[in-house]
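Colleague: The chain contents come next:
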Amino acid sequence: MFGNILIWFVIIPIIMMAGLGVCRNSSMNAIRTVMTVCSTALLGLAIWLCVDFLGLRAAGETAEMLYTGSWMWYAPLNIELAVGVDGISVLMILLSAIIVFAGVFASWKINPLPKNFFLWFALLSTGVFGFFISIDIFTMFMFYEVALIPMYLLIGVWGTGRKEYSAMKLTLMLMGGSAFLMLGLLGIYWHSGPEGHLTWNILEISKNGCIDPSWQRLLFCLTFVGFGVLGAMFPFHTWSPDGHASAPTAVSMLHAGVLMKLGGYGCFRIAIYLLPQAANELAWIFIILTGISVVYGALSACVQTDLKYINAYSSVSHCGMVLFAILMLTQTAMTGAILQMLSHGLMTALFFALIGMIYGRTHTRDIRQMGGLMKIMPYLGVCYMIAGFASLGLPGLSGFVAEMTIFFGSFEHTDLFHRSFVIAGTCSIVITAVYILRVVGKLLLGPVQDEHHLQLTDASWYERFSTVTLILAIAGIGCFPNWINETIQHSFVPIIESLTQAAI
Amino acid sequence: MDSVGNIVLYFVVAISMLVFSVMAVTSRKILRSATYLLFVLISTALFYFQLGYQFLGAVQIAVYAGGIMVLFIFSILLTHRPDDKSGKIESHRRIAGICASVLGAALLLGALFTMPVGAAGCSLTDVLAAGNCIDMQTIGHTLLGTDKFHYLLPFEAVSVLLLACIIGGVVVARKR
Amino acid sequence: MDLGILWYLVPSVLMFACGVYGFVTRKNLIAILISLELMLNAADLNFVAFNRYIFPGQMEGMIFTLFAIAIAAAETAIAIAIIINVYRAIGNTDINEIKKLKF
Amino acid sequence: MDITLPILILAIPISMFLILGIGGVKMSRKTAGVLGILGMGTTLTLAYTVAFTYFFSGDPAFIVDGVRQQLQVFDVTWLAFTDTLVVHLGFLLDPISAMMLVVITTISFMVHLYSWGYMEHEPGFQRYYSFLSLFSFSMLGLVVATNIFQMYIFWELVGVSSYLLIGFFYKLPSAVSASKKAFIVTRFADLGFLIGILLLSFYTDTFNFMELTHNPEGVLASTGGATFMGASVLTWALVLIYVGGMGKSAMMPLHIWLPDAMEGPTPVSALIHAATMVVAGVYLVARMFPVYLMEETALLFITCVGAITAFYAAVVACCQIDIKRILAFSTISQIAFMMVALGVTRPGLHDGMGYMSSMFHLFTHAMFKALLFLGAGALIHAVHSNNYTEMGGLRKYMPITHWTFLIGCLAIAGIWPFAGFFSKDEMLTAMFANNWIWGAWMTMVAGLTAFYMFRMYFMVFWWEENPHYKEHKPHDAPWQMSVPLIFLAAVSCVSGFIPFGELVTWNRLPYHIHIDPQVATTSLIIAAFGIGLAAWLFMKRNHKPAAMKNAMPGLWKAANRRFYWDEFYMFVTHKIIFNIFCRSIAWFDRHVIDATMDGFAKVTQKTSVAVKGMQSGSIQAYVVWYFLGAVAVAAITWICLL
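Those protein sequences? They're chains A, B, C and D, same order as listed.
Residue numbering for the first sequence follows the numbering used here, starting at 1 and increasing by one per position.
Residue numbering for the second sequence follows the numbering used here, starting at 1 and increasing by one per position.
Residue numbering for the third sequence follows the numbering used here, starting at 1 and increasing by one per position.
Residue numbering for the fourth sequence follows the numbering used here, starting at 1 and increasing by one per position.
Keep in mind the hints are simulated off the structure, nothing from the lab.
Keep in mind that the hints are not guaranteed to be accurate.
Claimed, not checked - Simulated crosslink set (BS3-like; lysine-lysine; CA at most 30 Å straight-line):
id : chain 1 : residue 1 : chain 2 : residue 2
1  : D       : Lys544    : D       : Lys557
2  : D       : Lys30     : D       : Lys171
3  : A       : Lys163    : D       : Lys544
4  : D       : Lys30     : A       : Lys375
5  : D       : Lys171    : A       : Lys375
6  : B       : Lys148    : C       : Lys27
7  : A       : Lys163    : D       : Lys171
8  : D       : Lys26     : A       : Lys109
9  : D       : Lys540    : D       : Lys557
10 : D       : Lys602    : A       : Lys163
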């Protein structure tokens, strides 16, 4: 079992927790050491996995999932701990590792109760990694819940503002989503195979392909809504602004950066892949909803005054784009969705990290009370601008690649319905430019608004470290996007196949 | 046909029992409640005697009227000053209480008078005359015997319960 | 005039109703306990009456009553110990004051 | 062709950007400036080498039977959307890209040099040079794009460098809002560009310019006659792509950002907003020209937009006070000229001379407009104001600036033998050839051009001396600034004689330019008339201009306010979109959607509070309920037994 590399993505966070358990609450250095070592190990492992995966693919390995392994967990219900990754999961794991790594540095000086903070943080990462490595939908769901629960405490204890309310709202809405999801998953399980051969394993379910179309419709709606809540789909997105506004920096990063991707990934891996017929039939409903998300989130972001609210609404817009692209059901659009997940994950993490740093200095997030910060903290200002440019889709940064792939993929549909939604989607890039430049103009440029801000300092080394990691990743994807395409192109083959078969 | 003495005794006992029951639950002085309870218990004991269960009546008086009442009195004296009066009963409690008791009583009485159970009874004299009076020897054998319809095991269980109760009472009421 | 079984059961019912009333309305813990004893007593009387009238040749009812009295004694002892403890803790024996365990 | 030079042409500016951008904070101003200028100088040399090799070496790789070849020097895969739709990054060498290499590197180098003097005392000098390098890189990448998507990529990059440079003085709110406006307006136009690319690439399944332009009939056929709202899909695609060009080239109604962009440093205006970036739209149409020829509707659209814009901008330019604004509107007008020239081009009319003349004008205009902007920069540097009301009579104080500026004005007015004459004459000939209406209309615009340019010239250098000169004597700029002026003036004098038709034509076959005497005379007379009118009105201080202004105050004010386009846009964006639309959506989100979600929570809470009352913890209440329940059960049982 321990020979499987994937298991280590769950074990390292557990070791992290154990290590933290040994540390004394007051010894900040020990805690930091544990976190740094383990998150570096995770990042290293993720990079190694990525390289090795590409190597295997290059060597002609064509299996859908690599590094598979499964261990029976609860035989009466056929629940297994089944792991395996394809290109998409590899990239998601890499993304999570990068953000966990950056998140550790972004919360270098977390206060109070650093040890407990990092314990919950580590538990959250366990859930996230576990979700991405699982191919058994029950364990997937379990890890999903594991990732959700620490959120409540992390926001409720270490948050700012109306933290209790936000924590409660976020947790309840996501739990509400997982209630739908649970129903959907149980439905999938009970139809997963012939009598007596039920299974939770994604690969087997898809191979059996015996879910009745009428059931598929119901289950598709349940699972898509369930994951859609996490992916901030309109009208289930309202947890996102409040939740993100109250969450502490690293949690916002991890949440917007990775956890929201769980939604998109889940929609893709479960709703679309396992229920292809329903996906073909019912995609239009959700295209409408996600199309609304895209434009609506962007327009809402235009009038917000709180930095985190702006970003949360922009996340609604960008994550809406992910789901939108997935629903287009073409390979290119789905590639775009994955790129958008990576891109949004990295740049939102960067945004939230920067907002946290700025807030830590100015003690306000209201853009009306700030101005001219570029003069005072040029490093943070430049990083914020880069994040902004990534968000509005500047070539050379990741957002552009993702959005373009989505648009070109979505445009493969020739009917008016799809095309008008694609064009509505493209409008969002203009609106994005509007709100990003509005923030940049008010926050960073112009005259200094508040005299007290003149004494503020620029970024410290750990903050630089955290932001540089993310910026490098963003620019890496933006400048050299094709290797990502190569990583994930195999993963779409079975999905597209099952979709086309279902369409016949 | 029962003897007049029995009937008179019955009425005296029944009326005193009911009157004292009512007074026990309505008196606002707790010590008086306890005293009325004592009278109710004694009345019950008298019924036992009348029904021919002398041993049971004796136990009722000894354990209940004697032992338990002492506990009550002690605890009352420990927790109340002599002139303590409990407050007036709130109307919603009173209504709830009356509802519950009247409805319950009505149902039970209705059932009693309509069900055939009343027909089973002949007169008291008849049932007593059947010669089924139980002597002490039988009781002793029954309680401590191990045959069918004998009760050694429950007896021992109750003794263990009482022991546990002694210990528990001491532990709970002990000063810390 | 015969003293049938109903002659014993009816007072028992009424005594029980008194007990219920007292239990519901009284606020003093000891008074509640007293009401409880009334109800118990009514039940005892029922056992005895049924035993006498319906199964006069047997003695289950009597034995049951006997045990009930024993258990009532035990229960009262424990209850009173608790009441005394409560009194120590909060200074009186009013049931409305005991709210720490609510919800 | 060896790929080292082309790669270096792109690599040097981008590495300069990174070096100056990341390491600039640690550098002294001098190091940064020298590095920037050296970098650009190297790029200039390399670009000249490449362009001259291409044009004049006669190598069969570049020219076969008189036909200049298009060749992709390199073309690497960047991103594969599908198996066929693949984005490459490459270097396309053909006449127009070679010409643009020369234009961009020349102007960029001059601006680098000029800025050394002009920006000497500004904070953020290093940042300025790094942004300039970024811009040069993006612009070079744009013109050498081998495919339309690469063009779009660099299109966005020049947009952002323009944003950064306009907002260079970021502490000024006006600069910040101008940069924002520039970015958003062009971004909006790029939306059209993007949708156009989506449409075009969907039907043709390629991005590559060579595949598109070498087989335009195939492109037309690939759409399979699909139409949308009455127009063919190809028309839609081409018009939408042109919308992108309209944004960058500031055609009406997307022109509003360009005058505001003058908030940036003046050398930046010269580089980006006069010579290079703003002609990207023209370049785009020129690049796609064979495809445009397939759809005359699209060309007609281009012509009409250009004609209206040219006239509008010329009228507005007559009534501006800020010299940079005048130059900005003049730029708009001149670019519109090029657009019209492209729009009227047909292979049958003088062998597609409009295309050649448009490119020719692009070249000459870049030179003399940069010259004018740099001259304006020298004026602003000396007087510390943008308005000509603060100037006047400067010819004695700033002779170099005066003479070079005059050359620029003569060139733009189209006076022989200056550059503008030749290119403008060709353009007008092409327009007359298409339809006399275009020709007449644009000749009128040419006259207006001469008028407003000389109005500015006389107001600045003649009129009457500003009394402030006594306290603060204006003087010519330092050598770093004068050298570019003199160089560009020289170019403006001679570049008209370049045999442009031999080098750049739409079908890459040589074309022998011959001056059409009729058109040339007309335009010269009109220009001379414009100059004469300006001289009569503005040479000496007098009351005629004021009287004219008072005679038609409404018109003057409207023209001065640019016919209220900005106000209109402000109304639409701020009042309607921002205040009504966005705010109501934000309100809706908080008070309807979120309130619904909170409502679920509230209902649950209310219910639980209501139910909570039953869990009162009171034994007595439990007993009542229990007892009543027991009674009820018993009663029910009893009733059932009856």
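Colleague: Taking the earlier hints as the rules, which of them does this structure contradict?
Modeller: When the structure is compared with the hints, numbers 3, 6 and 7 turn out to be violated.
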